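Okay, here's what each chain looks like letter by letter:
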Amino acid sequence: MSDVLDSYAFELTLRIVCVLLVFLTVPLVVGQMEHKAMAHMQSRLGPMYAGGFHGWAQLVADGVKFLQKEDVVPTNADKWVFKLAPAVSLLPPMFVLVVIPVGPDLVSQDLDIGLFYALAISSISVLGMLMAAWSSANKFSLLGGIRGAAQLIAYELPLVLCAASAVMLAGTMSLTGIVEAWEWWWLPVQAVGLFIFFTASVAELNRPPFDMPVADSEIIFGHMTEYTGLRFALFLLTEYAGIVVAGGLITAMFLGGWRGPFWDVVQIGEVYPLGILYTLLKVLAIAFVVIWLRVTYPRLREDQLQKFCWKALIPLSLVQVVLTGFVTVVK
Amino acid sequence: MPGGTGLLKGLTVTFGTMLHRSVTKQYPDVKPELAPRTRGVIALMEENCTVCMLCSRECPDWCIYIDSHKETVPPKEPGARARTRNMLDRFAIDFALCMYCGICIEVCPFDALFWSPEFEYSEYDIRELTHEMDRLREWMYTVPAPPALDPDGEEPAEVAAAAKAEPTFVEAAGFSAAPALAAAPPPAPLAQATAEPAAAAATAPAPIAESGSDAAAKPAASEPDHDIGEVQVDQATYDEAIAAGLPDRVARAKAKSAWVKKARKGLL
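If you read the protein sequences in the order shown, they are chains W and U. The first sequence runs 1 to 331 under my numbering. The second sequence runs 1001 to 1268 under my numbering.
Treat the hints with care, since some could be wrong.
[Said to hold, decoys possible] As a list, the in silico BS3-like pairs of lysine-lysine whose alpha-carbon atoms are at most 27 Å apart:
#	chain 1	residue 1	chain 2	residue 2
1	U	K1070	W	K311
2	W	K307	U	K1009
3	U	K1265	U	K1070
4	W	K69	W	K83
5	W	K139	W	K83
Calculated from the structure, these hints are not laboratory results. Since the structure is predicted, the reported quantities are computational estimates derived from the model, not experimental observations.
If we strip away everything but chain W, and leave its shape as in the complex, we get (with noise of 0.2 Å):
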């Protein structure tokens, strides 16, 4: 028996199912959540009935819902890219969470370029997204893709120049060892570079107010239109794990990951339940401020998205870089 538990194999299926089982679970905590925050904002009450208490059950009867309806291909779309696309947009979300960590060692797999990693593969993303635009053969389809091509470059910049300023501070790119660098000056000392990843990462999600490629009022719904049924629910589910690990990554990078008042005080084995908890409450508190602006403030146009990203968010990053620096040298 203790072979069998020994064996890799066992552990790479219990590293593997670990993430499936977050994947699966963490993001529709985050689209119940914004559901009901952003229901009560609007001095709404949300879903009721789904489940009986609160409508906890409300995603888990769309899902259902969206797995009853017709999977709609357009007759001039190019069928193979176009039923790709969803799990191309859908996948590197999951890949990235096999880096974030939630206590000591307690990460599926730390790599030494962690932050590099999960920077490379979440953009993999944006093709999923012109895969969709291009292949949907449609012209609002088209305009989406393009606008969110546009909107990552410009925003990949910023959020790339202040992960390199976390980098600098922790000396490592593993996400693990930047945690463990991690001490409670770097909030102050980050704070901006804090607030431009936070603004980035909402604009690469594609989340109002940086919904520009998907602006249903006037481009129907971006890359997104011509999808139906299970896959357009992929492309819902993408953004919701999107959220997750971007505030994984914030929390990771920004926030001191597991970190928090008596985190090792309960240690089970390897396994601190505090340090789990802490992580997951960063998390979902960084998914509420994404529920909150998207609640709060209307659509950028997409001059003031990019003018917004050249202008101040890439300057403000930069400064950050030299402040960092300073600080690195100094300390």
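Fit chain U to the given chain W structure using the hints.
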């Protein structure tokens, strides 16, 4: 950074709203608290209708359908002329067309139409929204009583005339001949009928035809509801309606209507 405070203010507004109680009312589970004179549906006091067609003609949507025929009433005293009278056959309102302007209620000279606060009468088929006389009559029981008369006000001319003719009856009906009038308003249909003398009653349809033969000096005596007394709830109908899943208010209205019908046929 211009506009920065505005951005923060926006965030506080949404967050503050989140901390307050939602304004949503969970309607099918929680009944709304409507004002007593809510304009829910138009009820018909069938007995007061003289088929003058004013409501139907004034209706901007033309959603009131009235059918009638004429009947000859034998002369009241030998040698007099026989009279013809309009008999109401059908009175229907198409609530799919009705825009709830209330003009029909305003123009009705005989107090036959009223606003009822009842509002749950949706149907699966638009054709079913044309509600006929019997349903409109049932809603009459959900019409709230009219506001009490001003105790210091002048006595209504009709009451004064009735008091002169038959002092005992007017007192029995709840009005004193003195200027200070009844304190509590009687239930709606009764009150309307009592306050509304000969004009409505004399031309009212079948059920009261036999009592209408008395001289005009006895105005309210021809009122059918007065003969029945206070309207009660027919328990069997009420139970049946509740079992059929109808809301309490509707069931009560149905039961009252059933009771009135029975009472008129002399079954009670």
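Structure-based check of all given hints:
| no. | hint | verdict |
| --- | --- | --- |
| 1 | K1070(U) to K311(W) | violated, 86 Å |
| 2 | K307(W) to K1009(U) | holds, 23 Å |
| 3 | K1265(U) to K1070(U) | holds, 23 Å |
| 4 | K69(W) to K83(W) | holds, 15 Å |
| 5 | K139(W) to K83(W) | holds, 18 Å |
The structure does not agree with numbered hint 1 stated previously, though it agrees with all others.
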